[in-house]
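One line per chain: the protein sequences are A and B, in this order. Taken in order, the first sequence gives residues 1 to 228; the numbers are from my numbering. Taken in order, the second sequence gives residues 229 to 406; the numbers are from my numbering.
A few of these clues could be false.
[Said to hold, decoys possible] Cross-link-like lysine to aspartate or glutamate pairs, in silico, DMTMM-like; alpha carbons within 25 Å at most:
no. : chain 1 : residue 1 : chain 2 : residue 2
1   : A       : Lys41     : A       : Glu122
2   : B       : Lys394    : A       : Asp25
3   : A       : Lys41     : A       : Glu135
4   : B       : Lys394    : A       : Asp180
[What the hints assert, rightly or not] With the C-beta cut set under 10 Å, the calculated list includes, among others, these residues of chain A facing chain B:
no. : residue
5   : Leu107
6   : Leu182
7   : Gln224
These aren't lab readings, by the way, just hints derived from the structure by calculation. Beta carbons are placed, not taken as given, at the ideal position from N, Cα and C, and that holds for glycine.
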Amino acid sequence: MKGLLVGLAVFAVGASAQVPSPSPDAVLSFLQTMAISAELKAAFSPVLGAGLAAGRATPRGALELLQRLAELPPPQAEEALVVFHDALARGIIVDTGAASSLMNRVLMRLRMGSPWELVQYELRARYNALVATEEVLLRYGVIGRGSQAPGGVVLPQDRLVLEIAWAVADWQLDPQLQTDPLEVFVRDRLVKLGGPVLAKSMVDSILPALTLGLLQEIAGRVFQVERR
Amino acid sequence: MPRDELERRIRDAVTREIEGGRPVLEGLEGRVVRRLARPAVRSPWWTRAMASLADTRIGLGWAVVGGVVTLAAGIFAGRGLFLNPNALSAAATDLFTVAAPGAKAVAVVGDFSAWQPIALFDHDGDGVWKVTVALPPGRYEYAYLVDGRWVGQDPLAAEYLRTFGKYVSVRYIGGDGE
Numbered sequence: 001m002k003g004l005l006v007g008l009a010v011f012a013v014g015a016s017a018q019v020p021s022p023s024p025d026a027v028l029s030f031l032q033t034m035a036i037s038a039e040l041k042a043a044f045s046p047v048l049g050a051g052l053a054a055g056r057a058t059p060r061g062a063l064e065l066l067q068r069l070a071e072l073p074p075p076q077a078e079e080a081l082v083v084f085h086d087a088l089a090r091g092i093i094v095d096t097g098a099a100s101s102l103m104n105r106v107l108m109r110l111r112m113g114s115p116w117e118l119v120q121y122e123l124r125a126r127y128n129a130l131v132a133t134e135e136v137l138l139r140y141g142v143i144g145r146g147s148q149a150p151g152g153v154v155l156p157q158d159r160l161v162l163e164i165a166w167a168v169a170d171w172q173l174d175p176q177l178q179t180d181p182l183e184v185f186v187r188d189r190l191v192k193l194g195g196p197v198l199a200k201s202m203v204d205s206i207l208p209a210l211t212l213g214l215l216q217e218i219a220g221r222v223f224q225v226e227r228r
Numbered sequence: 229m230p231r232d233e234l235e236r237r238i239r240d241a242v243t244r245e246i247e248g249g250r251p252v253l254e255g256l257e258g259r260v261v262r263r264l265a266r267p268a269v270r271s272p273w274w275t276r277a278m279a280s281l282a283d284t285r286i287g288l289g290w291a292v293v294g295g296v297v298t299l300a301a302g303i304f305a306g307r308g309l310f311l312n313p314n315a316l317s318a319a320a321t322d323l324f325t326v327a328a329p330g331a332k333a334v335a336v337v338g339d340f341s342a343w344q345p346i347a348l349f350d351h352d353g354d355g356v357w358k359v360t361v362a363l364p365p366g367r368y369e370y371a372y373l374v375d376g377r378w379v380g381q382d383p384l385a386a387e388y389l390r391t392f393g394k395y396v397s398v399r400y401i402g403g404d405g406e
């Protein structure tokens, strides 16, 4: 009888055990173990730490990404980490735990078994779209200037920039989606996200501003060679 | 005829045979025979079950193995209930199901799991594999891995995307895209 009770207790302990989410310190510690240059570690570590603290990346997604990148040749890992450094340094959200996320996109491509050139190509294209969206929306007066820093407070407009950039890049990268005009596709995406992901009032107010000219300006920069 | 009734009749017959016509048995042998001839007192089944559990004796090694297996089973069951540690506060759960008759292993990979496989199960062996995942509101891209093969077009998806030759499925959780 005692054995049965002990067995049930052990089973219950196991069933209630969760996979713990890693701490930001664990992510940063793992970064230090990677076979990449000391300069990149020194530059990326504070940016990533600030991004994790502000919510621009999640510890789970970041650790998963670093672990996968650590399995690649160091030059490839460095190539990717430079993009994440630049994105976070500009205050861009790189990991949401959902679809619109640079980190998840790299993890998806690696899971697919895509060649590295393709992974890097898409990562650059998505980064270009994010930078272009922020700059174009700012110039058109659709959004105000955000924190532009990894540790600044994440604003609702940061998520808006992310979702518009993601939709434009999806349209650019998938020729099948181009049966719909660009502005129709982007508006439809934003309407679907209205509610839990983006405030409906924000979506309603932004839709009239998303002209074809504005979106084409963003789309035109997705495949541009980055000027660094 | 009920088993208890049959046992009672047999005991009665044995008793009659011992007590009538046979020489009286003395000493230990006699006491044993008379005890055997008396109706046995049967304890209830639950008492017998408890006694058998209490009497079970296993070695230390087997006890450790059993404990580890039980703990692992518990963790496995727990992961089935809480598949996405990032989404424990989520209000919604979503069912991922795919028909894959004859498959040996089926998993779903997606943004919600940082593209790490979450196993699907076919408990009733009908070839339809299922798992329920807790998901916060959002837009999720995902695909199935059927025996390691990428299956990117889920008939239950809201949309498909195709980039560089491979499909992924899309679901919206919450909001107008649901």
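Taking 25 Å as the top limit, are the C-alpha atoms of A/Lys41 and A/Glu135 close enough? violated, 28 Å
Hinted pair, alpha-carbon criterion (25 Å max): A/Lys41, A/Glu122. Please report holds or violated. Measuring from Cα to Cα gives roughly 23 Å; hence the hint holds.
Status of the A/Leu182 interface restraint (C-beta, 10 Å, chain B): Since the shortest Cβ distance to chain B is 15 Å, the answer is violated.
Holds or violated: the hint that A/Gln224 contacts chain B, with Cβ atoms closer than 10 Å. Violated, about 18 Å.
Take the C-alpha atoms of B/Lys394 and A/Asp25, compute the straight-line distance between them, and say whether it is at most 25 Å. It is violated: about 36 Å lies between the C-alpha atoms, which goes past 25 Å.
Straight-line alpha-carbon gap B/Lys394 to A/Asp180, limit 25 Å: holds, 20 Å
Under the criterion of a CB-CB separation shorter than 10 Å, is A/Leu107 in contact with chain B as hinted? Interface hint status for A/Leu107: holds (4 Å vs cutoff 10 Å).
The structure is inconsistent with the numbered hints 2, 3, 6, 7, although it conforms to all the rest.
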